[in-house]
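*Asks:* Sequence:
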Amino acid sequence: MLRQIRSDYSALDLPVLMLTSSDGTDDMIKAFGLGANDYLIKSCDIEILAARIETQLSLKSMNMTLTVRQSDLRQEYVQAKSRMELDRIAMKKEIDHRVMAEMALIESEKRYKVLYDNTPAMYFSLNTMGQILSVNRYGAHVLGYQREELVGRDIQDLYEPGDRPRFWENLEEVICNPGVPCRWQLSKLGKDGMPILIRETARLVQGVTGEKNILLVGVDISDEHINLGL
Numbered sequence: 001m002l003r004q005i006r007s008d009y010s011a012l013d014l015p016v017l018m019l020t021s022s023d024g025t026d027d028m029i030k031a032f033g034l035g036a037n038d039y040l041i042k043s044c045d046i047e048i049l050a051a052r053i054e055t056q057l058s059l060k061s062m063n064m065t066l067t068v069r070q071s072d073l074r075q076e077y078v079q080a081k082s083r084m085e086l087d088r089i090a091m092k093k094e095i096d097h098r099v100m101a102e103m104a105l106i107e108s109e110k111r112y113k114v115l116y117d118n119t120p121a122m123y124f125s126l127n128t129m130g131q132i133l134s135v136n137r138y139g140a141h142v143l144g145y146q147r148e149e150l151v152g153r154d155i156q157d158l159y160e161p162g163d164r165p166r167f168w169e170n171l172e173e174v175i176c177n178p179g180v181p182c183r184w185q186l187s188k189l190g191k192d193g194m195p196i197l198i199r200e201t202a203r204l205v206q207g208v209t210g211e212k213n214i215l216l217v218g219v220d221i222s223d224e225h226i227n228l229g230l
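Per this note's numbering, the very first residue in the sequence shown carries number 1; after that it's consecutive.
One or more hints might be untrue.
[Stated by the list, open to error] Here are the in silico distance ranges between beta carbons for each label pair: (1) Pro120 / Arg153: 42 to 52 Å; (2) Gln185 / Tyr116: 46 to 56 Å; (3) Gln185 / His97: 44 to 54 Å.
[Said to hold, decoys possible] Listed next, the in silico SDA-like pairs over lysine to any residue satisfying Cα-Cα at most 25 Å (straight line): (4) Lys191 / Tyr116; (5) Lys113 / Gln79; (6) Lys212 / Asp223; (7) Lys191 / Lys212; (8) Lys110 / Ser187; (9) Lys191 / Thr119; (10) Lys93 / Lys113; (11) Lys93 / Leu59; (12) Lys60 / Glu47; (13) Lys60 / Lys81; (14) Lys191 / Leu133; (15) Lys30 / Leu66; (16) Lys191 / Glu102; (17) Lys92 / Met103; (18) Lys60 / His141; (19) Lys212 / Ile196; (20) Lys92 / Tyr77; (21) Lys113 / Asn213; (22) Lys110 / Arg88; (23) Lys113 / Tyr138; (24) Lys191 / Thr209; (25) Lys113 / Arg153; (26) Lys113 / Gln75; (27) Lys191 / Glu148; (28) Lys212 / Gly144; (29) Lys92 / Gln79; (30) Lys113 / Lys81; (31) Lys60 / Arg74; (32) Lys191 / Gln79; (33) Lys30 / Ile53; (34) Lys113 / Tyr77; (35) Lys212 / Glu173; (36) Lys191 / His141; (37) Lys81 / Ile95; (38) Lys110 / Thr128; (39) Lys191 / Tyr159; (40) Lys113 / Met1.
Hints in this document: simulated from the structure, not taken from any laboratory. Even glycine gets a Cβ: it sits at the ideal position worked out from N, Cα and C.
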C-alpha cells in the first residue's frame, strides 16, 4: 500500500505516518525505506501522536508555500526576462536609429562640403574684425591660394590698396545692419599680384555658438568687363 502511495505522491505532497504495534527495528527501517514520513508505536502517548501529526502537516504546509513561491519566482523570472528582451530590442532599435541618423548627417555634411568647395562662387566667413575664418576651395583657387594660406589672414590684404577704405566702409554698414545683404564691386589681388574684379554680397549672421560672423560671397566678373571693353 505504502509503495503504491509513493508511486503517486511524494513524501512532501502526502505525508504518511505509520502507526503500528511493532517496535522492531527492521519494521521501522522497512517503513522508512518505503517512504513513511514517521513511525510510531500504538502504545505511544496521544500528545506525542498529535505533535507528530502537527509536525507533518506543518511540513506539508511549508512545502505548499514553497511550491507556490517557486511558481511565483518562475513567473517573475519569465516576466523579467521578457522585459529585458523587449528593452534589448528597443535599445537596439534606438541605437540603429541613431547610427542611421549619424550616417545620414555625415553623408549630408559630405554633400554640403562638396557643394561648398566646388560651387563657382567665392565663400568667405569673417569675424567682425575682418579676419578670415574659412574659405571654400573654389574661392582660394580663384585668387591662386590654398585655403590654408588664407585662413587667419586679414581680408583687407586681399584688396587693392585703393579699394581698402571703401571695403571697410561697406563692412561697417554690414555690421550696423544685421541680416541685411550689402552689395559692392571691388578688386581683389591674386597671389600673383594681378587684380581681379569681384562682385560681392555680404551679410552679418550669427554663428552656432552665438558669435557674430560675416558671410561674404563673391563672383569673379573680370571677364564681363573685358568683354564690355571696360
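*Asks:* Each of the hints needs a verdict: does it hold here or not?
*Replies:* Hints, one by one, checked against the model:
1. Our hint of 42 to 52 Å for Pro120 and Arg153 is violated, since their Cβ atoms are close to 23 Å apart.
2. Against the hinted window of 46 to 56 Å, the Cβ-Cβ separation of Gln185 and Tyr116 comes to about 23 Å, which falls outside the hint.
3. At about 49 Å, the beta-carbon gap between Gln185 and His97 stays in the expected band of 44 to 54 Å.
4. Note on Lys191 and Tyr116: the hinted pairing holds, with a Cα-Cα distance of about 22 Å set against a maximum of 25 Å.
5. At most 25 Å may separate the alpha-carbon atoms for a hinted pair to count; Lys113 and Gln79 exceed this at roughly 50 Å.
6. For a cut-off of 25 Å, the pair hint linking Lys212 to Asp223 is broken: about 34 Å separates their Cα positions.
7. Among the hinted pairs, Lys191 with Lys212 is inconsistent with the structure: their alpha-carbon atoms are about 29 Å apart, more than 25 Å.
8. Using a Cα cut-off of 25 Å, the hinted pair Lys110 and Ser187 is violated, with the two alpha carbons roughly 32 Å apart.
9. Annotation: proposed proximity of Lys191 to Thr119 holds, straight-line Cα distance about 21 Å (limit 25 Å).
10. In summary, the hint linking Lys93 to Lys113 is not supported, as the alpha carbons are separated by about 30 Å, beyond the 25 Å threshold.
11. Taking the CA atoms of Lys93 and Leu59, the gap is about 50 Å. The hint is violated against a cut of 25 Å.
12. Proposed proximity of Lys60 and Glu47 is supported: the alpha carbons are some 20 Å apart, at most 25 Å.
13. Proximity of Lys60 to Lys81 is assessed by CA-CA distance (about 31 Å); at most 25 Å being required, the pair is judged violated.
14. About 19 Å separates the Cα atoms of Lys191 and Leu133, which keeps this hinted pair within 25 Å; it holds.
15. Restraint check for Lys30 and Leu66: not satisfied, since their Cα atoms lie roughly 29 Å apart, outside the 25 Å limit.
16. Among the hinted pairs, Lys191 with Glu102 is inconsistent with the structure: their alpha-carbon atoms are about 39 Å apart, more than 25 Å.
17. Restraint check: the Cα-Cα separation between Lys92 and Met103 comes to about 16 Å, which is no more than 25 Å; the hinted pair holds.
18. A threshold of 25 Å between alpha carbons decides the hint, and for Lys60 with His141 the separation of about 93 Å lies outside it, so the pair is violated.
19. Straight-line distance between C-alpha atoms of Lys212 and Ile196 comes to about 28 Å, which puts the hinted pair past the 25 Å bound.
20. Restraint check for Lys92 and Tyr77: satisfied, since their Cα atoms lie roughly 22 Å apart, inside the 25 Å limit.
21. Straight-line distance between C-alpha atoms of Lys113 and Asn213 comes to about 19 Å, which keeps the hinted pair within the 25 Å bound.
22. For the suggested pair Lys110 and Arg88, the alpha carbons sit about 32 Å apart, so the restraint of at most 25 Å is broken.
23. About 12 Å separates the Cα atoms of Lys113 and Tyr138, which keeps this hinted pair within 25 Å; it holds.
24. With a C-alpha separation of about 33 Å, the suggested pair Lys191 and Thr209 falls outside the 25 Å cut-off, and the hint is violated.
25. The suggested pairing of Lys113 with Arg153 holds, with an alpha-carbon distance near 22 Å, which does not exceed 25 Å.
26. Taking the CA atoms of Lys113 and Gln75, the gap is about 56 Å. The hint is violated against a cut of 25 Å.
27. This hinted pair checks out: Lys191 and Glu148 have alpha carbons roughly 13 Å apart, not beyond 25 Å.
28. Pair hint Lys212 plus Gly144 does not hold up; C-alpha atoms about 28 Å apart against a cutoff of 25 Å.
29. For the proposed pair Lys92 and Gln79, the alpha carbon gap of about 20 Å is at most 25 Å, so the pair holds.
30. Between the alpha carbons of Lys113 and Lys81 the distance comes to roughly 47 Å, so the proposed pair goes past 25 Å and is violated.
31. For the suggested pair Lys60 and Arg74, the alpha carbons sit about 21 Å apart, so the restraint of at most 25 Å is met.
32. This hinted pair does not check out: Lys191 and Gln79 have alpha carbons roughly 73 Å apart, beyond 25 Å.
33. Of the supplied pair hints, the one linking Lys30 and Ile53 holds, its CA atoms being roughly 20 Å apart against a limit of 25 Å.
34. Pair hint Lys113 plus Tyr77 does not hold up; C-alpha atoms about 53 Å apart against a cutoff of 25 Å.
35. Distance restraint check for Lys212 and Glu173: the Cα-Cα separation of roughly 14 Å lies within the 25 Å cut-off, and the hinted pair is therefore satisfied.
36. This hinted pair checks out: Lys191 and His141 have alpha carbons roughly 10 Å apart, not beyond 25 Å.
37. For a cut-off of 25 Å, the pair hint linking Lys81 to Ile95 stands: about 21 Å separates their Cα positions.
38. Only pairs whose Cα atoms come within 25 Å are accepted, and Lys110 paired with Thr128 is rejected, the gap being roughly 28 Å.
39. For the hint linking Lys191 to Tyr159, the alpha-carbon distance of about 11 Å falls within 25 Å, and the restraint holds.
40. Among the hinted pairs, Lys113 with Met1 is inconsistent with the structure: their alpha-carbon atoms are about 91 Å apart, more than 25 Å.
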